[in-house]
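Q: Listed here are the chains, written in short residue letters.
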Amino acid sequence: MILTLSKFKGEVAKLLHDFFDWLQNGWGAAEFGDGTSFSTRLEGSLNFWGLLEGTHLLTLMLFFGTILLVDLRLLGLSFRQLPVSTVHRRLLPLTITAMIIMLVTGVILFLAKPEVYWHNLMFRTKMVLLIVAMINIGVFHYVIEKSSAEWDTAPKTPPKAKISAIISLTSWILIMACGRFIAYNWFECGKGQPDWVNAAQQCDISNKGAVRIGDDAISGESF
Amino acid sequence: MILAQTKILPDSFQQILPGASAWVDSMAVDPLAVSLQSWFAQIEVIHFMGLFALASCVIMTSLRLIGVGLVEASPSSIYRSTRIWLHIGVIAAVGSGLFLGLSNASKLYNSSAFLWKMTGMVAAILFSYLVMAPVAKADGEVRGGAKIGLFIALAVWLLGIILMIVKPIANVGAFHVLYGGALVAIAALSGRSRWILIGGLAAMIIALQIATHMIWTDPFTEIYMTVNKVFMWGAGLFIAAVVTLNILGKIGAKDSNSLARLVAYATILSWVMVGAGGRWIGLS
Chain R
1 MILTLSKFKG
11 EVAKLLHDFF
21 DWLQNGWGAA
31 EFGDGTSFST
41 RLEGSLNFWG
51 LLEGTHLLTL
61 MLFFGTILLV
71 DLRLLGLSFR
81 QLPVSTVHRR
91 LLPLTITAMI
101 IMLVTGVILF
111 LAKPEVYWHN
121 LMFRTKMVLL
131 IVAMINIGVF
141 HYVIEKSSAE
151 WDTAPKTPPK
161 AKISAIISLT
171 SWILIMACGR
181 FIAYNWFECG
191 KGQPDWVNAA
201 QQCDISNKGA
211 VRIGDDAISG
221 ESF
Chain X
224 MILAQTKILP
234 DSFQQILPGA
244 SAWVDSMAVD
254 PLAVSLQSWF
264 AQIEVIHFMG
274 LFALASCVIM
284 TSLRLIGVGL
294 VEASPSSIYR
304 STRIWLHIGV
314 IAAVGSGLFL
324 GLSNASKLYN
334 SSAFLWKMTG
344 MVAAILFSYL
354 VMAPVAKADG
364 EVRGGAKIGL
374 FIALAVWLLG
384 IILMIVKPIA
394 NVGAFHVLYG
404 GALVAIAALS
414 GRSRWILIGG
424 LAAMIIALQI
434 ATHMIWTDPF
444 TEIYMTVNKV
454 FMWGAGLFIA
464 AVVTLNILGK
474 IGAKDSNSLA
484 RLVAYATILS
494 WVMVGAGGRW
504 IGLS
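Top to bottom, those sequences are chains R and X. For the first sequence, the working numbering begins at 1 and goes up steadily by one. For the second sequence, the working numbering begins at 224 and goes up steadily by one.
It is worth saying that the hints were derived from the structure and are not from the lab. Since the model is a prediction, treat every value here as computed from it, not as a measurement. The hints are all genuine.
Once the Cα atoms are required to be at most 25 Å apart in a straight line, the calculated SDA-like pairs of lysine to any residue come out as:
| # | chain 1 | residue 1 | chain 2 | residue 2 |
| --- | --- | --- | --- | --- |
| 1 | R | Lys-113 | R | Ile-101 |
| 2 | R | Lys-113 | X | Phe-263 |
| 3 | X | Lys-330 | X | Ala-264 |
| 4 | R | Lys-156 | X | Ser-297 |
| 5 | X | Lys-360 | R | Thr-86 |
| 6 | R | Lys-113 | X | Pro-442 |
| 7 | X | Lys-477 | R | Ser-85 |
| 8 | X | Lys-330 | R | Ala-177 |
| 9 | R | Lys-113 | X | Glu-267 |
| 10 | R | Lys-113 | X | Thr-440 |
Could you build all of it, start to finish, from the sequences and the hints given here?
A: Right under this line is the structure:
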């Protein structure tokens, strides 16, 4: 059973790698005379790439600026005279607008180098943290907020709301930091990396392969 | 364009401070500057966090001055509740920016985007502390001191905008200021005027995509550049017209006055310009 599950996970990982590899190097290549894919053209575009990246980053000003104040209210550190529901109702449309723009620009940015990003430790950490942040939003909305009538207008909120705010702030700060670190090649597959990094990034199935620190290039199968 | 061709405006700090070139060159081998390079990414994160933190104060206070956002609280109480983040954000962004600058001095010294980013930053700090803060404290009333501050900050910001739009490649950063203006206007407007703005912009973007992806697809041709410029100017004028109508009180204005709305738009967009500058330093 364990072997079957392990094999299944390996197959899924290979399938995902192949898909992102096709997105990066194959998608649209037949349509252009020089054989460059959509991803290559996107990354090499004169201004579009910079506009996308800049928009993604600048929208974070709106997103983080609003979420910071919502979380500070939950922590009882800001707008204590206003009900939590009022702060949510007024700021949430701004946060959601920013989030939609960030998601759209983020997905397009990912399309520029999907195979490289997929095997990037910082990208994977960012995705895990995004899931944590989303689960936290879900828990707050469907569990913690259910009892909000008891503390909505109180300057101090219950510990469960405070914990949710701390998880939210921490995860978004780390998501932002990881997003920035994706651009750096500290953990690039094909360069000498500790075993755990090669494993976490699944470098063995990446186009550049897995290289153990101090070793020469090792093929995927032999690693 | 004429200003750029006649060289009235400087291209970079290299032209303004030519005597500093020896010091800038020495930074390439300065032990502190070299050691900072290995921490560039981490310092960059602090730089961004500073910008995001100050945005919470600038955006919420400015939106309230426009008459939207947290309307249950007065502009003065919003500013009092959030000003700590303005102070922390400015200190973090400027402080980390100094370290980033030391580690990358030669590039910044010769960068046109860095020149308009710095001009925008001076304007943004003037707007935030000399104009937005006193106007918010007075719950939207723009008094004598704030009017003088507004005049000075607008003059500096206008210079920054001119520096931005006359420099090739870096002038694409103007898109971010336009996009920021559109977002603020969408928040400020309601009903039909909001949908006219969203619909108008969507139509222009779709037209641009059709023109540059189906008709004129080579980005290195004159016609391709012209189509992009037409879009930029068309979208820019459209957004500027909507924002002006909102500031003048013709559309969507509520619970505020024209000068306070001008202060609000200018403060937000000057900080957007600062953020955009950082992105275009790397590309221009």
